[in-house]
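Novice: Here are the chains, one letter per residue:
Number of protein chains: 2
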Amino acid sequence: MARSEPARGMRDFLPEDVRRREYVIGIIKRVYERYGFEPLETPAVENLETLLGKYGEEGNQLIFKILKRGEHEASGQADLALRYDLTVPLARVMAHHQSKLPRLFKRYQIQPVWRADRPARGRFREFYQCDVDALGSTSPVVEVEQCAALSEALLELGFNDFTIRLNHRQFLTAVLHSLSIPHALHASALVAIDKLDKIGAEGVKGEFAARGIPGDAADGLLKIFQLRGGAVGAGLVGDADAPAGDPSFQNMIAILDLTKGTPAEGRVTLDPSLARGLSYYTGAIMEINVPDLAGSLGGGGRYDNLVGMFLGQSIPACGFSLGLERILVVMGERGMFPPGLASTPADVMVAVFDAKDAPHALSVAARLRQAGLRVLVYPDADKIGKQIKYADSRGIPFVAILGGDEISAGTVTVKHLAGNTQNTYDQSAAGAAILEVLKRRG
Amino acid sequence: MARSEPARGMRDFLPEDVRRREYVIGIIKRVYERYGFEPLETPAVENLETLLGKYGEEGNQLIFKILKRGEHEASGQADLALRYDLTVPLARVMAHHQSKLPRLFKRYQIQPVWRADRPARGRFREFYQCDVDALGSTSPVVEVEQCAALSEALLELGFNDFTIRLNHRQFLTAVLHSLSIPHALHASALVAIDKLDKIGAEGVKGEFAARGIPGDAADGLLKIFQLRGGAVGAGLVGDADAPAGDPSFQNMIAILDLTKGTPAEGRVTLDPSLARGLSYYTGAIMEINVPDLAGSLGGGGRYDNLVGMFLGQSIPACGFSLGLERILVVMGERGMFPPGLASTPADVMVAVFDAKDAPHALSVAARLRQAGLRVLVYPDADKIGKQIKYADSRGIPFVAILGGDEISAGTVTVKHLAGNTQNTYDQSAAGAAILEVLKRRG
Numbered sequence: 035m036a037r038s039e040p041a042r043g044m045r046d047f048l049p050e051d052v053r054r055r056e057y058v059i060g061i062i063k064r065v066y067e068r069y070g071f072e073p074l075e076t077p078a079v080e081n082l083e084t085l086l087g088k089y090g091e092e093g094n095q096l097i098f099k100i101l102k103r104g105e106h107e108a109s110g111q112a113d114l115a116l117r118y119d120l121t122v123p124l125a126r127v128m129a130h131h132q133s134k135l136p137r138l139f140k141r142y143q144i145q146p147v148w149r150a151d152r153p154a155r156g157r158f159r160e161f162y163q164c165d166v167d168a169l170g171s172t173s174p175v176v177e178v179e180q181c182a183a184l185s186e187a188l189l190e191l192g193f194n195d196f197t198i199r200l201n202h203r204q205f206l207t208a209v210l211h212s213l214s215i216p217h218a219l220h221a222s223a224l225v226a227i228d229k230l231d232k233i234g235a236e237g238v239k240g241e242f243a244a245r246g247i248p249g250d251a252a253d254g255l256l257k258i259f260q261l262r263g264g265a266v267g268a269g270l271v272g273d274a275d276a277p278a279g280d281p282s283f284q285n286m287i288a289i290l291d292l293t294k295g296t297p298a299e300g301r302v303t304l305d306p307s308l309a310r311g312l313s314y315y316t317g318a319i320m321e322i323n324v325p326d327l328a329g330s331l332g333g334g335g336r337y338d339n340l341v342g343m344f345l346g347q348s349i350p351a352c353g354f355s356l357g358l359e360r361i362l363v364v365m366g367e368r369g370m371f372p373p374g375l376a377s378t379p380a381d382v383m384v385a386v387f388d389a390k391d392a393p394h395a396l397s398v399a400a401r402l403r404q405a406g407l408r409v410l411v412y413p414d415a416d417k418i419g420k421q422i423k424y425a426d427s428r429g430i431p432f433v434a435i436l437g438g439d440e441i442s443a444g445t446v447t448v449k450h451l452a453g454n455t456q457n458t459y460d461q462s463a464a465g466a467a468i469l470e471v472l473k474r475r476g
Numbered sequence: 035m036a037r038s039e040p041a042r043g044m045r046d047f048l049p050e051d052v053r054r055r056e057y058v059i060g061i062i063k064r065v066y067e068r069y070g071f072e073p074l075e076t077p078a079v080e081n082l083e084t085l086l087g088k089y090g091e092e093g094n095q096l097i098f099k100i101l102k103r104g105e106h107e108a109s110g111q112a113d114l115a116l117r118y119d120l121t122v123p124l125a126r127v128m129a130h131h132q133s134k135l136p137r138l139f140k141r142y143q144i145q146p147v148w149r150a151d152r153p154a155r156g157r158f159r160e161f162y163q164c165d166v167d168a169l170g171s172t173s174p175v176v177e178v179e180q181c182a183a184l185s186e187a188l189l190e191l192g193f194n195d196f197t198i199r200l201n202h203r204q205f206l207t208a209v210l211h212s213l214s215i216p217h218a219l220h221a222s223a224l225v226a227i228d229k230l231d232k233i234g235a236e237g238v239k240g241e242f243a244a245r246g247i248p249g250d251a252a253d254g255l256l257k258i259f260q261l262r263g264g265a266v267g268a269g270l271v272g273d274a275d276a277p278a279g280d281p282s283f284q285n286m287i288a289i290l291d292l293t294k295g296t297p298a299e300g301r302v303t304l305d306p307s308l309a310r311g312l313s314y315y316t317g318a319i320m321e322i323n324v325p326d327l328a329g330s331l332g333g334g335g336r337y338d339n340l341v342g343m344f345l346g347q348s349i350p351a352c353g354f355s356l357g358l359e360r361i362l363v364v365m366g367e368r369g370m371f372p373p374g375l376a377s378t379p380a381d382v383m384v385a386v387f388d389a390k391d392a393p394h395a396l397s398v399a400a401r402l403r404q405a406g407l408r409v410l411v412y413p414d415a416d417k418i419g420k421q422i423k424y425a426d427s428r429g430i431p432f433v434a435i436l437g438g439d440e441i442s443a444g445t446v447t448v449k450h451l452a453g454n455t456q457n458t459y460d461q462s463a464a465g466a467a468i469l470e471v472l473k474r475r476g
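The listed protein sequences correspond, in order, to chains D and Y. Using our numbering, read the first sequence as starting at 35 and increasing by one per residue. Using our numbering, read the second sequence as starting at 35 and increasing by one per residue.
Because the hints were derived from the structure by calculation, they are not lab data. Heads up, some of the hints might be wrong.
One copy or any two copies: either way a pair holds, since identical chains are not told apart in the list.
[Unchecked claim] The calculated DSS-like cross-link candidates involving lysine-lysine, where the alpha carbons are at most 25 angstroms apart (straight line), are: (1) Lys417 with Lys390; (2) Lys449 with Lys420; (3) Lys294 with Lys420; (4) Lys134 with Lys420; (5) Lys417 with Lys63; (6) Lys449 with Lys390.
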């Protein structure tokens, strides 16, 4: 007998799961479209070389690689890989389809990605990302519109306690430079800083030491990075002697100012310790958090050089990704799904007393569907009690029963299970009658 | 510079493509739900052993296999694979989650599958299937409801010329047996018969000869198989001395009779030559065709033993799959998409004369969105003519312009590009005014 588990770190979504996922995706999509983002989809499978070298060394290790086919299979070599994020494929698309795409291109993309990470609570090997990206402009309006769109989506889902942390890659560089940390150690320092939330200040200090960053520079850095959130502006950074005059700092101030009057107002706070793991960011970087989740609900930033790796010509770009799985985890724990969501498979089940009456069941079902109802035909002529019990167990509110009397009279008996009432209707009138009761119940 | 093509046989879907796909998927989904099917999703990646041995020898060759990770990567071995169809994962799900699923389970599943086939016109290596399956009943009502659901979906998409060909695996066996073809050659004969459409009667005769099937048996078979379509019943089969008394033949007649009064009425024709490639079918088999497509739009059948391979206990099952890509190809060629579908990225574009006015653009955009409009904010303070030209090139019908006068007066000038008219509104009234014009245009 074959094993029946899904692959490690992967999940089956039963009907109730799918309905919850579609509810969340539906809201996110509607909000993204309200901001002028257009839908894009890319293949699950990319050429391996498209992905390699875009996500840093750790990323390369987590890419699922696909074996060559046919006579080459025995070589054990891979030439394809599973999509690792939605940003690199977008950069590839922008280069490949440039002539068909507008100069300013805003797209959203809601698709799964795959990473061979160690599975853990809320961390899966197949997970959906909900990305917005804008290509073709360097204006901070781009970052602000994305913060606004994400805030509006989260607000519509019922989140009221999220924060968007904001930092800037060039500001981080300027800070590291001002503390005389050699340029060769910057990437290494960022990787350590990125762990502040997970391993705390002492842990990061240890990482600094291990990476050869001088002790006093480490102290200076941590002093800056712990001054997160709260008041924003020159005060915060001036205190720590950081380069508040750097253009990157002005860019962050512009972003913060522009959020006023948008749904992101009051949500964005400057966090000098935010680093973001991915290597392709070049400007503002952002991350969304809620208090009861250790990781982030989403994140993003500006990456002005990635498209150039495929096109040979730079195109400014900025994007933001919401993590669907984490949103679902928090919404589930907080009970944020609307009660009517776990819906039943049908509004009406059609039951028959005798197998020979199946033609009547099918034509009554066709009529009820034409009236706009979702109808399940019970396929077997089981005892009527068993059939009704099935409808009840599935939460189907109505059972349409066809016995000999009904069939010869052209009628149907409709049992309302919750109300424990029943009425007999002309077959042509039953649909409207059931709809009426459904509407009254809301 | 990195290559920018998608992987071989895979496609990028630009916004217009996605909208067409979502239009078709939306209709199919709505119809499936009307028939009481519930949504299910399974991972793109399955354990390799889950898929091996389920699709026949040719199928095994076409499975995309995923390399082991980490220290095992160098071994060149595969342990995972990409989903090859939606039926085997359903059988696995039915076994794994049996306690959570109802005794009679009707599910639909609309997801991509991957096959390492040689790419050709309309044949891709990543393609979507739209499946319905019902588990737990042997009644022909199951087959009929599926034919009805698929017919209703195709009719709502605008297809009026499709046919559902019907045959039965056990009937094929009975026919082969009646012609004294040895049992050991049956599987081989079915593979040859399945090619009748592609290689014609002479080609199939050649295949029979190559497979050691006696010449007179081949002639008898072809005589039966060319009598397809048209009149149904004992006449057709009796003429050719085939076993019309076989229960499988009665099952087909029952299915045909029950389609009366459903949307499948008049669509189903018996075709004794239909074989279907996949090895897991055990009963009725079906295929949908339209005149202007060489392959099929979809197909399916009964597979009563597949779930048992995972569960150790048989569960009767029957399913039908619509091929999304082929539906899209035919709809594109026939011009069947509604004209309004290739929609614009937004209803309104907000333009500004000066970068310092961006805060006003963002807050006007927020107001227009609250009114229910899809709004794109032009991010840069380009010359106003360039901004309007962009809106026009994207088909955005309205441009909301904010100059110094408007900002100090709290107004906004709204230009209707198609009408070449413009009006100035209070910022709080602009949304309603634009919606009014959009509604009038339909």
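Novice: Which of the listed hints are not met by the structure?
Specialist: Going through the list in order, the structure violates hints 3 and 5 and respects the others.
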